[in-house]
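**Q** Okay, here's what each chain looks like letter by letter:
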Amino acid sequence: MNAPTGLDFASIPERIQTEVQRAIQRSIKGVEYFSTSGPTLGSTPKDVLHSRGTMSLYHYRPMSDEIYRVPVLIVMATTNRGYILDLVPGQSFIEFLLKRGYDVYMLDWSAPRPEEKSLRMEDYVLDFIPDCVRRVQADSGETDVSVIGYCFGGVLSLLYGSIHKDGPMKNLICFTTPIDFREMKLFSNFSDRRYFDVDRLVDSVGNVPPEMILSSFEMLRPASRTVSQIQLWENIWNDEFVKSYRMFDRWATDTLPLAGEYFRTITKDLMWDNKLFNDTMSVGGRAAKLEDIKVPLLHAVAEHDHIVPYDAAKHLIAKVGSADKEEVMLKGGHVSLVAGANAVKRLWPKLDSWLGKRST
Amino acid sequence: MTDKTNDPVAMWQKMMGEMEKGFNSFANQAMSSPEFSQAVNRAGGVAAGAQKQLSELMEKYLVSMNLPSREQVTALAERLQSIEAQIGEMKSMLSQMAAGSGTAQGFDGTPRPPRTRRPLSDNGEQK
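Which chain is which? The protein sequence lines are R and G, in order. For the first sequence, my numbering assigns the number 58 to the initial residue and increments by one for each residue that follows. For the second sequence, my numbering assigns the number 29 to the initial residue and increments by one for each residue that follows.
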């Protein structure tokens, strides 16, 4: 029977019993949490096709009897590890693509060594990506290559595509890719040219430390880390919750340093002068204009993205020169758009239906 | 069934969610100011300077302890990487040679599937 307040007194003993059981489970699982290492991530079988300094090119072993003609090269963001796209079986974007018949390669990054502090934007756009594309062509025996760029990997793919306008990129897919850096309001304020001396920072530390990159991400939502730890404690009896928490927490804190010169260019050309948006960007003396991208393009953005707000990403479709282009906005945040339970239902099937017919 | 509006656990969770949103929003507003940027960058500049001095000091300490310097360890790592890269190139060449002889093979030696896949049509059949 419900009391006038709506409280169901009959359910109170049952509720107390559940909470007591959970409290006991919390103590047991809490000990277990600190004595185990969490799920193994990035375990889809792959071969290292090429490795050079900070750059690694992987080829994932096919999981289908028949594959699409056009191989797919994923370009990961330089701030984070690629295993976000290959978490665990059933929650792996890579595994999904393989099972749907794609031939998948990934350009992933490791921490640049101190002597790699001099890597410039040119090295990424005019050397690393073209080198990987050539190797994908040689390995697959195909001329055409589709490119998928996540976050800043999308920016690098756009720069590559705008400079290499005669190919061989056949399709371009960008996930949460910023082009209007003025609209990344907080990052813009952190790097305010009146107060942020990027030259002094890079000249002092060489590569920008991962702690600094991580802090700048966490400052966007300063309460969220504490709240998520409280939520972990509340739900520590729930194995699925804990598994998911550990996967994402491990990835989020596994931030990479950024090569100093590369960071200097990002700050000056993109954060300060917004050159990509203003069509004044050049890399190694070669103009990089979005209007020069003519290949079919899909841009997936997240409705609640706090890292790349929609305002920073929304002009991409209008600015590229492609006739075949589409923006899709999906529920979720910057990471849950591409990985986790929601991505399985939302982004991945959408991407498959878009890319499949353009991969033959 | 328990009414969510009176469930203490649900109320607690809702309150945490609201507090998180409120604090994040307040902090974001505060961090949008030029004063914040000035203060955080001043602190960051001092920390960067201190870090550089500390790493120089550590370098001298390692030398005095007759331990290998960073350069020496890095040189060794580079040689190893170069050997790894050459093995990778050889594997790649072998794979290409196999492909040239008519059998497309992966690194693990298994034949690669044919590139003949077509997308499924709306009724679930291959086009």
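There's no promise every hint is true.
[As the list claims (entries may be wrong)] Think about it this way: if two alpha-carbon atoms lie no more than 27 Å apart in a straight line, the pair counts; the simulated DSS-like pairs of lysine-lysine are: (1) G/K119 with R/K325; (2) R/K86 with R/K222; (3) R/K388 with G/K119; (4) R/K300 with G/K80; (5) R/K156 with G/K42; (6) G/K42 with R/K86; (7) G/K49 with R/K242; (8) G/K119 with R/K103; (9) G/K49 with R/K388.
[Unchecked claim] Here chain R is said to cover these stretches of chain G; the calculated rule only asks that three of the stretch's residues, wherever they fall, bring their Cβ under 8 Å from a Cβ of chain R: (10) 46 to 53; (11) 85 to 97; (12) 104 to 116; (13) 138 to 148.
FYI, nobody ran anything at the bench for these hints, they're computed from the structure. If you're wondering where the values come from, they're calculated on a predicted model, not measured in any experiment. Think of the CB as a built atom: it goes at the ideal place given N, C-alpha and C, for glycine as much as any other residue.
**Q** State the violated hints by number, sorted upward, taking the hints as numbered earlier in the document.
**A** Hints 1, 2, 3, 4, 5, 11 not satisfied by this model.
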